[in-house]
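Asker: All chains, full assembly: derive it from the sequences and hints.
Number of protein chains: 2
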Amino acid sequence: MSLDSLFEPDNVAIIGASREGGKVGHSILRNFMEEDFGGEIYPVNPEADSILGLRSYESVLDIPGEVDLGVVTVPPTAANSVIEEAVEKGVNNLIVITSGYGEIGGEGVEREEELEDILEGSDTRLVGPNCLGVYDSFSGVDTLFLPSYKLKRPPEGDIAIVTQSGAFGSAVMDLLADMEVGISRFVSYGNQADVTETELLEWLDQDDETEAIAVYMEGVSDGEKFLEKARKVTEDKPIVALKGGKYGSGREAVSSHTGSLAGSYEVYRGVFSQARILEADNIEQLFDYSRALAYNKPLDGRNIAVVTNGGGFGVLTADALEEQGLKLAEYSTSTEEQLREAVPDYGNVENPLDLVGDADSKRYERSLEVLEKDPNIDGIIVIPLLQPLPLESDVIDAIVNFNEGYTEPLVVCMTGGEYTGVHAKNLEKNEVAAYSSPKRAVDAMEALYRYGDWRS
Amino acid sequence: MSLDSLFEPDNVAIIGASREGGKVGHSILRNFMEEDFGGEIYPVNPEADSILGLRSYESVLDIPGEVDLGVVTVPPTAANSVIEEAVEKGVNNLIVITSGYGEIGGEGVEREEELEDILEGSDTRLVGPNCLGVYDSFSGVDTLFLPSYKLKRPPEGDIAIVTQSGAFGSAVMDLLADMEVGISRFVSYGNQADVTETELLEWLDQDDETEAIAVYMEGVSDGEKFLEKARKVTEDKPIVALKGGKYGSGREAVSSHTGSLAGSYEVYRGVFSQARILEADNIEQLFDYSRALAYNKPLDGRNIAVVTNGGGFGVLTADALEEQGLKLAEYSTSTEEQLREAVPDYGNVENPLDLVGDADSKRYERSLEVLEKDPNIDGIIVIPLLQPLPLESDVIDAIVNFNEGYTEPLVVCMTGGEYTGVHAKNLEKNEVAAYSSPKRAVDAMEALYRYGDWRS
Numbered sequence: 001m002s003l004d005s006l007f008e009p010d011n012v013a014i015i016g017a018s019r020e021g022g023k024v025g026h027s028i029l030r031n032f033m034e035e036d037f038g039g040e041i042y043p044v045n046p047e048a049d050s051i052l053g054l055r056s057y058e059s060v061l062d063i064p065g066e067v068d069l070g071v072v073t074v075p076p077t078a079a080n081s082v083i084e085e086a087v088e089k090g091v092n093n094l095i096v097i098t099s100g101y102g103e104i105g106g107e108g109v110e111r112e113e114e115l116e117d118i119l120e121g122s123d124t125r126l127v128g129p130n131c132l133g134v135y136d137s138f139s140g141v142d143t144l145f146l147p148s149y150k151l152k153r154p155p156e157g158d159i160a161i162v163t164q165s166g167a168f169g170s171a172v173m174d175l176l177a178d179m180e181v182g183i184s185r186f187v188s189y190g191n192q193a194d195v196t197e198t199e200l201l202e203w204l205d206q207d208d209e210t211e212a213i214a215v216y217m218e219g220v221s222d223g224e225k226f227l228e229k230a231r232k233v234t235e236d237k238p239i240v241a242l243k244g245g246k247y248g249s250g251r252e253a254v255s256s257h258t259g260s261l262a263g264s265y266e267v268y269r270g271v272f273s274q275a276r277i278l279e280a281d282n283i284e285q286l287f288d289y290s291r292a293l294a295y296n297k298p299l300d301g302r303n304i305a306v307v308t309n310g311g312g313f314g315v316l317t318a319d320a321l322e323e324q325g326l327k328l329a330e331y332s333t334s335t336e337e338q339l340r341e342a343v344p345d346y347g348n349v350e351n352p353l354d355l356v357g358d359a360d361s362k363r364y365e366r367s368l369e370v371l372e373k374d375p376n377i378d379g380i381i382v383i384p385l386l387q388p389l390p391l392e393s394d395v396i397d398a399i400v401n402f403n404e405g406y407t408e409p410l411v412v413c414m415t416g417g418e419y420t421g422v423h424a425k426n427l428e429k430n431e432v433a434a435y436s437s438p439k440r441a442v443d444a445m446e447a448l449y450r451y452g453d454w455r456s
Numbered sequence: 001m002s003l004d005s006l007f008e009p010d011n012v013a014i015i016g017a018s019r020e021g022g023k024v025g026h027s028i029l030r031n032f033m034e035e036d037f038g039g040e041i042y043p044v045n046p047e048a049d050s051i052l053g054l055r056s057y058e059s060v061l062d063i064p065g066e067v068d069l070g071v072v073t074v075p076p077t078a079a080n081s082v083i084e085e086a087v088e089k090g091v092n093n094l095i096v097i098t099s100g101y102g103e104i105g106g107e108g109v110e111r112e113e114e115l116e117d118i119l120e121g122s123d124t125r126l127v128g129p130n131c132l133g134v135y136d137s138f139s140g141v142d143t144l145f146l147p148s149y150k151l152k153r154p155p156e157g158d159i160a161i162v163t164q165s166g167a168f169g170s171a172v173m174d175l176l177a178d179m180e181v182g183i184s185r186f187v188s189y190g191n192q193a194d195v196t197e198t199e200l201l202e203w204l205d206q207d208d209e210t211e212a213i214a215v216y217m218e219g220v221s222d223g224e225k226f227l228e229k230a231r232k233v234t235e236d237k238p239i240v241a242l243k244g245g246k247y248g249s250g251r252e253a254v255s256s257h258t259g260s261l262a263g264s265y266e267v268y269r270g271v272f273s274q275a276r277i278l279e280a281d282n283i284e285q286l287f288d289y290s291r292a293l294a295y296n297k298p299l300d301g302r303n304i305a306v307v308t309n310g311g312g313f314g315v316l317t318a319d320a321l322e323e324q325g326l327k328l329a330e331y332s333t334s335t336e337e338q339l340r341e342a343v344p345d346y347g348n349v350e351n352p353l354d355l356v357g358d359a360d361s362k363r364y365e366r367s368l369e370v371l372e373k374d375p376n377i378d379g380i381i382v383i384p385l386l387q388p389l390p391l392e393s394d395v396i397d398a399i400v401n402f403n404e405g406y407t408e409p410l411v412v413c414m415t416g417g418e419y420t421g422v423h424a425k426n427l428e429k430n431e432v433a434a435y436s437s438p439k440r441a442v443d444a445m446e447a448l449y450r451y452g453d454w455r456s
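If you read the sequences in order, they're chains A and B. For the first sequence, the positions run 1 to 456 when the numbering used here is used. For the second sequence, the positions run 1 to 456 when the numbering used here is used.
Check each hint, because a few of them may be wrong.
Given that identical chains are not distinguished, each listed pair holds provided it fits within a single copy or across any two copies.
[Unchecked claim] Calculated pairs, SDA-like style, for lysine to any residue (alpha carbon to alpha carbon, straight line, at most 25 Å): (1) 362 to 425; (2) 152 to 358; (3) 373 to 337; (4) 362 to 342; (5) 23 to 342; (6) 425 to 285; (7) 150 to 394; (8) 297 to 205; (9) 23 to 346; (10) 362 to 147; (11) 232 to 158; (12) 425 to 177; (13) 150 to 425.
Rather than coming from a laboratory, the hints here were simulated on the basis of the structure.
Answerer: What follows is the structure in structure tokens.
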């Protein structure tokens, strides 16, 4: 049976729905009621007749008709028996939030084996246990049991997130929401007793809403299968992966965390490279890469134009390009001549193009129009520093408008505080990736180049 | 003559003060009037009798008594003649904001040579030209001519900033203000026609308000002198440096930016290492290092304890420690026994210490108290993820209180959005460095170890 009902179910049963505020089974029920989830919602709780005004069922078996998605939030000692009922009912997909399985060792391992026995031969496909489950910005599925003031939900967008660690997932969702980065689907898959990260990647491959996939993984279910399938995914869509548990000490921490074996990092690196998965070194890079890849086509070449009103930032960007094996594009003679007209005498029409501290948005606009026509340029890094007085908010409109017609990759670097942050969010909403430093912008460009190079 | 009047003048002359809002000479005059600058303020403008209610002077020569600090904001064609008058007047220190000197080549180079001739043999010491000048959070000196909504001013604090690039300076000041990172003194020194970066470092060495110095430099005035003096500074205080113009392409950009020769990066690396200057790879790292060094003594050893309520973050921290040559501390038997009492059965009393998703601030408090007593631990990374419901704001108080009595280095990692950001700022106000990812927290710890290792 497919995984469609994980993301786009017609109805959902909250197994373990609770009247008590603060309980997981209460929060998730509320999420479905408050998000724009369009389908039926069935609370399941043997001790309540109704919860939050909805009729409650004693067992999932009592729900009339088919159940697309079941979300299990009962304590570990009760979880397997309600899962058994859901399997009997023929529920398409289950998300098991409950922890206390393989990750705690001892009795948990037995519980997980029992769970696997229950699923054996059934059509029900299960995500978890020991996970946060699914957030889908389009359908309104939201099993994240944390309140929105602690964990803001990102807007609709192009990036899918697949994470083994729930804590990782909740922290980055909150981070991305604050940055206004749009997310298509989010899955925290925990112990992967049934549905594997590989199957989730395959589903996302055929998902029209997803342009790039960000993965946090500690262990992999089946290395060979992962390699084979992931390689197919990356023919269409980029995957960026952050690996947790690379070395001895980190691997030990993994085994007590999600109960999986982390395996040798060397093997992982080989798999990532063969599958054309871009490996991220850290959390920032995971989403720095993903954003660039989701909003741009890959880079066709190494020649980058840099435009800024802050000379020092041009210098730092030139350094970072060199360190990343990219190049400052050499402008054609006609480009230089035209830039001479767009930039005052005391500016610098070399690359990096220094529009100088008194630049306004018009100067950016004119320069970008000149650069657009130069075939020697494979992509542009724009660095509009908003601290100088003459550069106003309309430079954001100028960049967004230009980018809509521009066919090559373009990323932005903006360093500053709250005022700059507001403008960075505006870029992000318009699918222009904004980075807080030259190094991060250049790293993102390098990912666009590497992915393009792999695919061609 | 000393540089004291740059930072703590008894009075200031704004040479080129203007009535016209938006003009540099207007903004700077306003800054001094609005900040809590305690001394006399003398506007100098031959075309006005009074500006903003203050008596205006035709020339600096007309000001009665001694002038401590002169700030020059007139156009380049008029700058050298007013500087000549200031030298004649015997002004202690001058800050020349005016650009159009060596950095533009041609006539600018001649102008800068003329400026050097004017200063020859005089006691007046000059910062600039082509700079933003000085911001001093204690004295109220503020020559940053950009409005505070575009460039917020950081609060009083321990970190000094010395930057060759004004754009770099203004962007990072705005960034740090937003993070609530405290700054003691800020100097953007531009073309260093007179006062060099080396002299500024020497002044900051004897400055009681400064605990760590962050430097952005493109070229150096005198390499040998810099090495000799900086090495002395780092015996007392850490210096973190970001070098702009490392390679061919970046170096070319430098020469059209601050007009200085960038020199070979290999030579710089050698000088940094001999002078025990910590080199930062990028803007983030410059202040990640500086904050850790300003708030902590150096690390005595490599053994780090990690405490978190998010397992995945413990895993990522363990990986980053290994990559940076640091180690997960091995707890003593008694530590493990005591942690067993502080942490529930399903938690993990290994290192990283996983307090699990239902941890509250008490669990953090009790664990930190146990770790404090273990002599095998050289420093602690605390990772309180605020997304889970049971962990409330009081974990910040718990960490700050603990840190006040703790004698070894401690840094925090918190990943998340706006809610997390508010709490990170609270830590920063209390001089606890907070980082947005495990990698950045570990990199900061590595800087504390490297600096400690150099000094011992």
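Asker: Are there hints from earlier that the structure breaks, and if so, what are their numbers?
Answerer: Violated hints: none at all, because every hint is consistent with the structure.
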